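> Protein chains in written order, with the numbering used here: chain A, 3 to 320; chain B, 3 to 320.
I should point out that these hints are in silico values taken from the structure, not numbers from a laboratory.
Any given hint might turn out to be false.
If several chains are the same, the list does not tell them apart, and a pair holds so long as it fits within one copy or across any two.
What the hints assert, rightly or not - Straight-line Cα separation of at most 30 Å, BS3-like style, residue types lysine-lysine; simulated pairs:
| # | residue 1 | residue 2 |
| --- | --- | --- |
| 1 | Lys148 | Lys90 |
| 2 | Lys90 | Lys229 |
| 3 | Lys13 | Lys255 |
| 4 | Lys255 | Lys5 |
| 5 | Lys148 | Lys68 |
| 6 | Lys68 | Lys229 |
| 7 | Lys90 | Lys4 |
| 8 | Lys68 | Lys90 |
The structure presented is a predicted model; accordingly, all values stated were derived computationally and were not measured.
There are 2 protein chains.
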Amino acid sequence: MKKILIAYRLKPEGLKELEGRYEVTLPTDKAHFSREEVLEMIPAYEVLVPNFSFYTDREIMERGVKLELISNYGVGYNNIDVACANEKGIVVTNIPNTTREPTAEFAFGLLLAAGRRIGYYDRKLRSPEGVSWGVYAEAGLPVYGKRLGIIGMGRIGQSLARRALASGMEIVYHNRNRLDETIEKFYQARWLTLEELLGSSDYISLNAPSTPETYHMIGERELCMMKSTAVFINTARGNMVDEQALAAALRDKRIWAAGLDVFEEEPHILPELLTLDNVVLAPHAATKTMEDRIRMSEEMVQNIIGFYEGRYPISRVN
Amino acid sequence: MKKILIAYRLKPEGLKELEGRYEVTLPTDKAHFSREEVLEMIPAYEVLVPNFSFYTDREIMERGVKLELISNYGVGYNNIDVACANEKGIVVTNIPNTTREPTAEFAFGLLLAAGRRIGYYDRKLRSPEGVSWGVYAEAGLPVYGKRLGIIGMGRIGQSLARRALASGMEIVYHNRNRLDETIEKFYQARWLTLEELLGSSDYISLNAPSTPETYHMIGERELCMMKSTAVFINTARGNMVDEQALAAALRDKRIWAAGLDVFEEEPHILPELLTLDNVVLAPHAATKTMEDRIRMSEEMVQNIIGFYEGRYPISRVN
Numbered sequence: 003m004k005k006i007l008i009a010y011r012l013k014p015e016g017l018k019e020l021e022g023r024y025e026v027t028l029p030t031d032k033a034h035f036s037r038e039e040v041l042e043m044i045p046a047y048e049v050l051v052p053n054f055s056f057y058t059d060r061e062i063m064e065r066g067v068k069l070e071l072i073s074n075y076g077v078g079y080n081n082i083d084v085a086c087a088n089e090k091g092i093v094v095t096n097i098p099n100t101t102r103e104p105t106a107e108f109a110f111g112l113l114l115a116a117g118r119r120i121g122y123y124d125r126k127l128r129s130p131e132g133v134s135w136g137v138y139a140e141a142g143l144p145v146y147g148k149r150l151g152i153i154g155m156g157r158i159g160q161s162l163a164r165r166a167l168a169s170g171m172e173i174v175y176h177n178r179n180r181l182d183e184t185i186e187k188f189y190q191a192r193w194l195t196l197e198e199l200l201g202s203s204d205y206i207s208l209n210a211p212s213t214p215e216t217y218h219m220i221g222e223r224e225l226c227m228m229k230s231t232a233v234f235i236n237t238a239r240g241n242m243v244d245e246q247a248l249a250a251a252l253r254d255k256r257i258w259a260a261g262l263d264v265f266e267e268e269p270h271i272l273p274e275l276l277t278l279d280n281v282v283l284a285p286h287a288a289t290k291t292m293e294d295r296i297r298m299s300e301e302m303v304q305n306i307i308g309f310y311e312g313r314y315p316i317s318r319v320n
Numbered sequence: 003m004k005k006i007l008i009a010y011r012l013k014p015e016g017l018k019e020l021e022g023r024y025e026v027t028l029p030t031d032k033a034h035f036s037r038e039e040v041l042e043m044i045p046a047y048e049v050l051v052p053n054f055s056f057y058t059d060r061e062i063m064e065r066g067v068k069l070e071l072i073s074n075y076g077v078g079y080n081n082i083d084v085a086c087a088n089e090k091g092i093v094v095t096n097i098p099n100t101t102r103e104p105t106a107e108f109a110f111g112l113l114l115a116a117g118r119r120i121g122y123y124d125r126k127l128r129s130p131e132g133v134s135w136g137v138y139a140e141a142g143l144p145v146y147g148k149r150l151g152i153i154g155m156g157r158i159g160q161s162l163a164r165r166a167l168a169s170g171m172e173i174v175y176h177n178r179n180r181l182d183e184t185i186e187k188f189y190q191a192r193w194l195t196l197e198e199l200l201g202s203s204d205y206i207s208l209n210a211p212s213t214p215e216t217y218h219m220i221g222e223r224e225l226c227m228m229k230s231t232a233v234f235i236n237t238a239r240g241n242m243v244d245e246q247a248l249a250a251a252l253r254d255k256r257i258w259a260a261g262l263d264v265f266e267e268e269p270h271i272l273p274e275l276l277t278l279d280n281v282v283l284a285p286h287a288a289t290k291t292m293e294d295r296i297r298m299s300e301e302m303v304q305n306i307i308g309f310y311e312g313r314y315p316i317s318r319v320n
């Protein structure tokens, strides 16, 4: 019987299909195993299940002498040293299907909250200073009729585009490769260079994967290209943005607002961001609903079963 | 030349079409005229422009001996004693076109912020206690795949339905009268009795007009019919909801969350609501963006010009 080490205390509802056919170890008395505990246990396991906050590096793979599969509990896999996995013949899988809609939904929620100042109003109304009820005072920015620039028009980007289109937005996007014309037509979306997108969009959403090439892809230079009324949304990965430069641009009002679910050094957030009125902050929660997290477990489990038994197509990243 | 009294300091950008053809008075040194100032000036004016927070009652209409038109700067007109206007032959107009999309947009923003806990996360991350970054802790509720019950499926309700449908929601609605089948099909929307809607919806949005019949239409009884996981959104009018009963239901977690842009005694908000974690609050800001507010002025102006010159269709409410 193959042995599976799940680093997190995932709920049993999502793991049912493994019962009786795999030997599953997961923490029972705490939220997750420590790195040290995983290093100690890993030699006996064929499968490891990490998530975005568990860095699965060469040391873990070298200790995991039996490792055949890393079944990531997440769509982004920048937490895994895939080059090392390749070298060792370990298959890596991720879960793009169940993460797609909740992430796009959350990104659109941040977009509305940042543009229409929903986060700001809610905070200020509860503070001693309050907020103005006047006709123009502390007004937000419209979303309807505005241009949304999507950087990374994959599954999540397209699900975001579907929502934005129905909300009266114009869609432009940047990918390394242009999409098929039929997909472009479906979303009424136009490909732009990154520079064109940054300079012309009212809202900009980052939905690309974190890779060595996308590290700090939004920095001082890119922020300077944006409109002073631009609203920037990040539900991808924190390390794709120079957080210091972003905080400075928000502080100096060189861009209008941001909605951020991810950060460079999670769970740490740059203290300055916590003091800024024109940002909406969330704790890497884009897929965080109980139902979605259980569906994510089921997809992760199907990758394991598909890998060993062939009953499901699996989402391999290497 | 007809004389227009605008109770609010509206921006000149939205009033251009009146120039040279009407005599316009509006405050120049403050946000709005007081009730006393309006009472003093009104005898000389043919047109009065109030908004939701300026109650245009019998006293004002009796003093306004020349009044021919009340051109409301808003879509809801519960601030105007329309029965009295009827009696005196004063026409009342409102602005349903320019308010439609921003209000639906804001309602959907509140829905996402309340369900996915965006307001909560933003507040907690900035507080000393912080928020958990764990897999399940402090999780929100999904929106995708859930049922949205729209009470009042008029223009704003339908614009909300369009957004919700593209976000993977199922649409049910309650109106006094069922919509045409073609409209129902367009939104894949099903008519339910109010009781059926309240008992079966995951999200409930109030988008009906405030009238004597809809006063406190959501009270203790209706809140008790809702699911314990229901999320209630109000961008209509505060007096349609028993705010005390709503606050109690939120406090006791008999419903899951609320997103509220309107309140019974604006700008006063029930102090208990300000202390609750499961509510997102906004200061009657559903149409509050500079661009929208200027477009609203233009529509309001077109009602005046349409009334006197016939060049525009006007939105009469009586």
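> With identical chains treated as interchangeable, where does the CA-CA distance between Lys13 and Lys255 reach 30 Å or less: within a copy, between copies, both, or neither?
Intra 43 Å, inter 24 Å, cutoff 30 Å: inter-copy only.
> For Lys68 and Lys229, with the copy left unspecified, which applies at a CA distance of at most 30 Å: within, between, both, or neither?
neither (52 Å within a copy, 48 Å between copies)
> Evaluate Lys148 and Lys90 at a C-alpha cut-off of 30 Å and name the case that applies: within, between, both or neither.
Neither: 48 Å inside a chain and 43 Å across chains, both beyond 30 Å.
> Using 30 Å as the alpha-carbon threshold, which applies to Lys90 and Lys4: within, between, both, or neither?
within (18 Å within a copy, 85 Å between copies)
> As a check of your reading, is Lys90 near Lys229 (CA-CA no more than 30 Å) within one copy, between copies, both or neither?
For Lys90 and Lys229, neither the intra-copy (46 Å) nor the inter-copy (51 Å) Cα distance is at most 30 Å.
> Could you figure out if Lys68 and Lys90 sit no more than 30 Å apart (CA to CA) within one copy, between two copies, both or neither?
within (10 Å within a copy, 89 Å between copies)
> Between the shortest in-copy and the shortest cross-copy C-alpha distance, which are at most 30 Å for Lys148 and Lys68: within, between, both, or neither?
neither (53 Å within a copy, 43 Å between copies)
> Have a look at Lys255 and Lys5 and pick one of within, between, both or neither, based on CA distance no larger than 30 Å.
Neither: 53 Å inside a copy, 41 Å across copies.
Checked against the numbered hints given earlier, this structure breaks hints 1, 2, 4, 5 and 6; the rest are met.
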